[in-house]
Amino acid sequence: DSGVTQTPKHLITATGQRVTLRCSPRSGDLSVYWYQQSLDQGLQFLIQYYNGEERAKGNILERFSAQQFPDLHSELNLSSLELGDSALYFCASSGQGFGYGYTFGSGTRLTVV
Amino acid sequence: GQQVMQIPQYQHVQEGEDFTTYCNSSTTLSNIQWYKQRPGGHPVFLIQLVKSGEVKKQKRLTFQFGEAKKNSSLHITATQTTDVGTYFCAGSSNNNDMRFGAGTRLTVKP
Numbered sequence: 014d015s016g017v018t019q020t021p022k023h024l025i026t027a028t029g030q031r032v033t034l035r036c037s038p039r040s041g042d043l044s045v046y047w048y049q050q051s052l053d054q055g056l057q058f059l060i061q062y063y064n065g066e067e068r069a070k071g072n073i074l075e076r077f078s079a080q081q082f083p084d085l086h087s088e089l090n091l092s093s094l095e096l097g098d099s100a101l102y103f104c105a106s107s108g109q110g111f112g113y114g115y116t117f118g119s120g121t122r123l124t125v126v
Numbered sequence: 874g875q876q877v878m879q880i881p882q883y884q885h886v887q888e889g890e891d892f893t894t895y896c897n898s899s900t901t902l903s904n905i906q907w908y909k910q911r912p913g914g915h916p917v918f919l920i921q922l923v924k925s926g927e928v929k930k931q932k933r934l935t936f937q938f939g940e941a942k943k944n945s946s947l948h949i950t951a952t953q954t955t956d957v958g959t960y961f962c963a964g965s966s967n968n969n970d971m972r973f974g975a976g977t978r979l980t981v982k983p
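Chains A and B supply the protein sequences, listed in that same order. Following my numbering, the numbering of the first sequence begins with 14 at its first residue and continues without gaps. Following my numbering, the numbering of the second sequence begins with 874 at its first residue and continues without gaps.
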C-alpha cells in the first residue's frame, strides 16, 4: 500500500458517458497529480493541484476536468467518453516543497466500450 | 513545451548482463527523477538528481545527471530477473510538474 488510494480500480462504461475517478493522497501531501497511461505507453501528465488550487496543466482534453477538495482528495471527471479514452489513470501525490518523489496510487483502469 | 525523450524503448538482456537507459530533455532541467513500474503495477519512485554532474548509486543501480542538466542515465550492473519492468525518467524545468519519458521496458532472460 503506497498510501495513495484510488477508486474504483476498474471501470467499464459506454461511449458518450461520464465517469468520476477519485484519489486520496498520502497523508500530509498537498500536491495531487493525474496521469494517463494508455496500453504499453508512457505517462501523460494531465493536471496538478496543490492545496486545492490548480497548479499546472498538461495534455488534458476539454472533456476532462478535475478538482481538489478541502480535505485534499481529488476527483478527475471524464465526460463524453470515447473509445480512445480507455487507459490506466494514475493519481500521484507529493510532499510540500520542491523535488519530492511522487507516490503513485494503484490506478483506475477505464475501459470504454 | 518541455519534452523528455527516453531510449531505448525496449531492452532484452540475459541475466547477468548490464543495462542502460538514457533520458534527454529539450530544455534544462531543475531536477530529474527515476521510477520503476513492474508489469501490472504502478510507478515507484527510485531516486532524484538535482546537481549538475551528480552521480548516485543504489546497490547495482547507478544514476547520472549530465553536466548541462539536459540528460540522465540509469545503469544496472549484472541484471537479475527482479529487475524486470519499465524504467521511467521524469524531469521538471519549472520546479513543478514532472514530465515523464516514454519509458524503457526491460526484460531479463534467466
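Just so you know, the hints here were simulated from the structure itself, not pulled from any lab data. Since we're looking at a predicted model, the values are computed, not measured. Where hints are given, some of them may not hold.
Take a look, some chain B residues computed to stay more than 12 Å from chain A by CB distance [as the list claims (entries may be wrong)]: (1) V877; (2) N897; (3) T900; (4) N967; (5) R972; (6) A975; (7) P983.
Below, a sample of chain A positions facing chain B; criterion: calculated Cβ distance under 8 Å [claimed, not checked]: (8) T26; (9) G29; (10) Y46.
All C-beta atoms in this analysis are idealised placements derived from N, C-alpha and C, irrespective of residue type, glycine included.
Results for each hint:
1. V877: violated, 9 Å
2. N897: holds, 14 Å
3. T900: Per Cβ check, T900 (chain B) is outside 12 Å of chain A; nearest 15 Å; holds.
4. N967: violated, 8 Å
5. R972: violated, 6 Å
6. A975: violated, 4 Å
7. P983: holds, 23 Å
8. T26: violated, 22 Å
9. G29: violated, 29 Å
10. Y46: Y46 (chain A) check passes; min Cβ-Cβ to chain B is 7 Å, inside 8 Å.
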